[in-house]
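Letter by letter, the chains look like this.
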Amino acid sequence: MNIKKKENLAAYIFLAPALILLGLFLVYPSLLAIYYSFTDYYLLTPNDINIVWLENFIAIFKDPVFIQSLKNIALFVVLVIPIQVGAALGLALLINKQRKGNIFFKVAFFSPVVLSLVVISVLWLYLLNPSEGLINNILLNVGIDPQPFLSSPTQAMVTIVFVSAWQGAGYQMLIFLAGLQNIPGEVYEAGKIDGVNKWQKFYYITLPLLKPTSILIMITTLISAFKLIIQPMVMTQGGPMNATMTPVYYIYQSGFSDRMIGYASAMTVIFGIVIGIVTLIQSRVSREDDN
Amino acid sequence: MKKLSVLVGVVCAVLFLAACGSGGSSEANHNEIVVWFHTSLETPEGEAMQNTIDRFNEEYEGEYTATAEFVPRSGSGGGYEDKINAALTTDTLPDVLTLDGPNTAAYAESGIIAPVDEYLTNKDDLLPSIIEQGTYDDQMYGVGFSESGVGIFYNKQMFEQAGIDLETLPTVDEPWDWDQFIELNETLHNEFDKPVIDMGFDDKSEWLMYAFTPFLWSQGGDVVSEDGTTAEGVLNDENGVKAFTFIQDMVKNGYSTITPVEKGFHTGEYAMKLGGSWTIAELEEYPDIEYGVMPYPTSPDTGELVSPSGSWQYAMSASSEKQEAAGALIDFMVSTESLSEMSLANSVLPASYSAIDEITDEVSDEMNVLIEQNAASAQARPLLPNYPQVSRIFQDTISDTTYYEENSDIQALLDDKAAQIQSALD
Numbered sequence: 017m018n019i020k021k022k023e024n025l026a027a028y029i030f031l032a033p034a035l036i037l038l039g040l041f042l043v044y045p046s047l048l049a050i051y052y053s054f055t056d057y058y059l060l061t062p063n064d065i066n067i068v069w070l071e072n073f074i075a076i077f078k079d080p081v082f083i084q085s086l087k088n089i090a091l092f093v094v095l096v097i098p099i100q101v102g103a104a105l106g107l108a109l110l111i112n113k114q115r116k117g118n119i120f121f122k123v124a125f126f127s128p129v130v131l132s133l134v135v136i137s138v139l140w141l142y143l144l145n146p147s148e149g150l151i152n153n154i155l156l157n158v159g160i161d162p163q164p165f166l167s168s169p170t171q172a173m174v175t176i177v178f179v180s181a182w183q184g185a186g187y188q189m190l191i192f193l194a195g196l197q198n199i200p201g202e203v204y205e206a207g208k209i210d211g212v213n214k215w216q217k218f219y220y221i222t223l224p225l226l227k228p229t230s231i232l233i234m235i236t237t238l239i240s241a242f243k244l245i246i247q248p249m250v251m252t253q254g255g256p257m258n259a260t261m262t263p264v265y266y267i268y269q270s271g272f273s274d275r276m277i278g279y280a281s282a283m284t285v286i287f288g289i290v291i292g293i294v295t296l297i298q299s300r301v302s303r304e305d306d307n
Numbered sequence: 008m009k010k011l012s013v014l015v016g017v018v019c020a021v022l023f024l025a026a027c028g029s030g031g032s033s034e035a036n037h038n039e040i041v042v043w044f045h046t047s048l049e050t051p052e053g054e055a056m057q058n059t060i061d062r063f064n065e066e067y068e069g070e071y072t073a074t075a076e077f078v079p080r081s082g083s084g085g086g087y088e089d090k091i092n093a094a095l096t097t098d099t100l101p102d103v104l105t106l107d108g109p110n111t112a113a114y115a116e117s118g119i120i121a122p123v124d125e126y127l128t129n130k131d132d133l134l135p136s137i138i139e140q141g142t143y144d145d146q147m148y149g150v151g152f153s154e155s156g157v158g159i160f161y162n163k164q165m166f167e168q169a170g171i172d173l174e175t176l177p178t179v180d181e182p183w184d185w186d187q188f189i190e191l192n193e194t195l196h197n198e199f200d201k202p203v204i205d206m207g208f209d210d211k212s213e214w215l216m217y218a219f220t221p222f223l224w225s226q227g228g229d230v231v232s233e234d235g236t237t238a239e240g241v242l243n244d245e246n247g248v249k250a251f252t253f254i255q256d257m258v259k260n261g262y263s264t265i266t267p268v269e270k271g272f273h274t275g276e277y278a279m280k281l282g283g284s285w286t287i288a289e290l291e292e293y294p295d296i297e298y299g300v301m302p303y304p305t306s307p308d309t310g311e312l313v314s315p316s317g318s319w320q321y322a323m324s325a326s327s328e329k330q331e332a333a334g335a336l337i338d339f340m341v342s343t344e345s346l347s348e349m350s351l352a353n354s355v356l357p358a359s360y361s362a363i364d365e366i367t368d369e370v371s372d373e374m375n376v377l378i379e380q381n382a383a384s385a386q387a388r389p390l391l392p393n394y395p396q397v398s399r400i401f402q403d404t405i406s407d408t409t410y411y412e413e414n415s416d417i418q419a420l421l422d423d424k425a426a427q428i429q430s431a432l433d
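Protein chains in written order, with the working numbering: chain A, 17 to 307; chain B, 8 to 433.
Incorrect hints may have been included.
Stated by the list, open to error - As a list, the in silico DSS-like pairs of lysine-lysine whose alpha-carbon atoms are at most 25 Å apart:
1) A:243 <-> A:78
2) B:211 <-> B:270
3) A:227 <-> A:217
4) B:211 <-> A:243
5) B:201 <-> B:270
6) A:87 <-> B:211
Unchecked claim - Some chain A residues flagged as far from chain B (calculated, every beta-carbon gap over 12 Å):
7) 28
8) 98
9) 127
10) 165
11) 221
12) 261
Said to hold, decoys possible - Every beta carbon over 10 Å from chain A, so not counted as near; a handful from chain B, in silico:
13) 132
14) 212
15) 232
16) 415
Hint data in this document are derived by calculation from the structure and do not stem from the laboratory. Where is the CB? At the ideal position from N, CA and C, for every residue including glycine.
With the rest of the complex left out, here is chain A (with noise of 0.2 Å):
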C-alpha cells in the first residue's frame, strides 16, 4: 500500500513538468479563448471587458467572409489529402524499392518540409509568376499558353493545394517508409509461394499491413490541412475575391489587425469544434472498417 502510494506520487512527480507546461501553453489559452468568445474584448481596451454572451457568435454565422473560409478550407482539405498522401505513399514505395542512393533520395523528398514555409512560399511566389516565372516559361515552350495561377480566382486554391502537397509529402513519405519497413518480409515470401503478381502484392499484403500508418497519418494531415495559413497569407493575402482566405488566415486578421479579439476567438471555437467533429468521423469511420 505504502509503496504503491510512493508510486503515484513518483509519477505525479515525473508528470508534472510535461502537465504545467501543457496546462500553461494549452489548457489555459483555450479555456480563455472560450471565455473571451463570450465577450467584446477589444484589443486596445484589455481593461475594459464586457460579457456578450452569443453576439460574437451570431455575427460569425451572418459573416460571408467566414463562411466563404469555411467553404475554402473544405476545398483545400478534400483535394489535399488525396494528393499528399497519395504522392507520400508513392515515394516511400520508391525509396523503399531503391536500395542504392536511398539516402539521397530521403533527404531530397525530405528536404521541402525542414525549409520554413514562408521560404517555400515565396520561391513558389517567383516560380509561378505569370510572366516571369519558370512554370510558365516551360508551359509556353510546350506549346500552353501562360496560366494565371495565383491570380486567378477559380486556379489560386488548387495551386495552393500543389505547393503544400509538395511541401508536406516528404514528412508522411518517412513515416510510410518506417510503415513499409516493418512489414516482415515472410509475409512476401508466402505470398511468393502463392504465385500473387506485383498487383496483388501491394494490394493484399502492402496496404492493409500499412493501415495503422495510414490511419496515423490521413489524422494528423487532416488537421494540419485545416490549420492552412502560411501560404496563402504570402501568396495570395487570402485573394482573389477571398478565394484563398482560410478560416485561421481570418481568425489572425480579426483578432490583431482588426483588434477584436472576443470576435476572433469566437471563431476559433467555432472552428475547432468543426475539426472536433470531422476528426472524429474520420477515426468512426477507419475503426468501422477495422471490423
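Following the hints, position chain B against chain A.
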C-alpha cells in the same frame, strides 16, 4: 530531456522579459520622459529622431530630459504594435509614442492617447491633411511628422517614342481629367501593345486603400459618410459606381495589369507607374530611366484634384503623468527645424508649410511636384475606430473590381461591399 530544458529556458526568458517590461516608464522624476519610436536607430528616420531628441535635451537642459527607445516594426507593422498592446495590459506605456495615421481614431476612442492641442505653439503651420489625420472628435491627438504622396511617374524616353509632347503634360495647377488620362494610355498602348501603367494592383495591402480612395473622392464619392456611421448608400452611390468603373476600365482596356512585372517601371517595361514618394529614392538606383512625375487625374465631373496622404505621428499617452514635458517634446519635434530635418534625412514630404519653404530648394523637381500636389490636394483617410476592417473591405473592393469578367456589375459589387462595411461599422 533536451526539449524540456529548452522549454524551461523559454519559460524563464518569458518571466524575465515580463519582469523587465514593468520598468517601462520611470516614475522617479517628473521631468524625465520616455519616447517610443517605431523605427530602428540604424535608419535615416531613426537617426533624425535621435538628433531631434538630443537637441531637445540641450534646449531644455535642467528642465526636461527625454529618452528615446527604438522598437522597430516588422514589414506588416507588427513588433512595435505588439509592444504597445502588451504595454496596455500592464499599464506601462511611455509618455510619448508614435502611431500610424489610420490608428488615431482607435487609440483616441480607447483612451490610450490624450489631446495635444494646448501644447502646440504653431498648429496653423501644419498642413491641413496633417491636422485632418490627427483630429478625432474635434481634438488633435496625433501630429504627423512627415507627409507622403502618390503621383503618376512617367518614363520620358517611352513617352517621346510614342510621340507625346512632354511640354503638354498636366501640372498640379492644371491636372488632366480621366478622359484625357485614358487617351494618354490609349496612345501608349497603341505604341507598345502591352500594359503601360503599373498601378500596384498586385499589392493587396493598405496601398489599395491609400492610393485608390483619391479617385473616389475626386468624383465626389466616399467610403463612409462624414460622421463615420454609414456606408450603405455612400460607397455604392452613383459616384462610387463612376469611380470604380474608371478603375475597372484601366484593367479591362489592357492599360494596366493585375500581375505587373516586379520593378517594371524601373526597368523600362511600363511607361508609367502609380508610385509614392519612396519611389523617387528607389529610382536613384536606376539611372538609365529618365522620369517625371505628374499629378493624379481628376474626375471629369468635378475636375477636383485629390491626392492621398498620411504618415506616422507623435502622440502623448493618456496615462502619462508628465504631460507638460511630453507636450513640450511633441511641440519641439514638430517645429520647422525638426520637420525639415526629418524630410531631408528620410526623403519624405514635409508636414508643415514652413518646412516646405525650408527644403523646397534642396529637393528634386519630381519631389517638388509631390510636395506641391500634397499641399494643394492631400486628403486624409477616414478616421474610424474600426478602420482596419473598413480598409480591408475597401482593398477587397478595388481588387475585386480588377476582375472585370467576374465583376462586370459594379453596382452589385459595391452594394455587397457597402453592406460588409456597414456591418463592420455597426
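Does residue 261 of chain A sit more than 12 Å from chain B, CB to CB?
Non-interface label on residue 261 of chain A violated, nearest chain B Cβ at 10 Å vs cutoff 12 Å.
Going straight from one Cα to the other, do residue 201 of chain B and residue 270 of chain B come out at no more than 25 Å?
With Cα atoms ~16 Å apart, residue 201 of chain B and residue 270 of chain B stay inside 25 Å; holds.
Is the Cβ of residue 232 of chain B more than 10 Å away from each Cβ in chain A?
holds (21 Å)
Closest CB-CB distance from residue 415 of chain B to chain A, is it above 10 Å?
Nearest chain A Cβ is 13 Å from residue 415 of chain B, so the label holds.
For the pair supplied as a hint, residue 87 of chain A and residue 211 of chain B, is the alpha-carbon distance within the 25 Å limit?
Since the Cα atoms of residue 87 of chain A and residue 211 of chain B sit roughly 22 Å apart, the hinted pair holds (cutoff 25 Å).
Check on residue 221 of chain A being off the interface with chain B, judged by Cβ distance over 12 Å:
Holds, since 37 Å exceeds 12 Å.
For residue 211 of chain B and residue 243 of chain A, compute the direct alpha-carbon distance and say whether it is at most 25 Å.
Holds, at roughly 22 Å.
Is the nearest Cβ of chain B still more than 12 Å from the Cβ of residue 165 of chain A?
Contrary to the label, residue 165 of chain A does not stay out of reach of chain B, its closest Cβ about 9 Å off (not over 12 Å).
Taking the minimum C-beta separation from residue 127 of chain A to chain B, is that value above 12 Å?
holds (23 Å)
Closest CB-CB distance from residue 212 of chain B to chain A, is it above 10 Å?
violated (7 Å)
So residue 28 of chain A supposedly isn't at the interface. Is its beta-carbon more than 12 Å from every beta-carbon in chain B?
holds (16 Å)
Taking the minimum C-beta separation from residue 98 of chain A to chain B, is that value above 12 Å?
holds (28 Å)
The structure fails hints 10, 12 and 14 (numbered hints given earlier, in ascending order).
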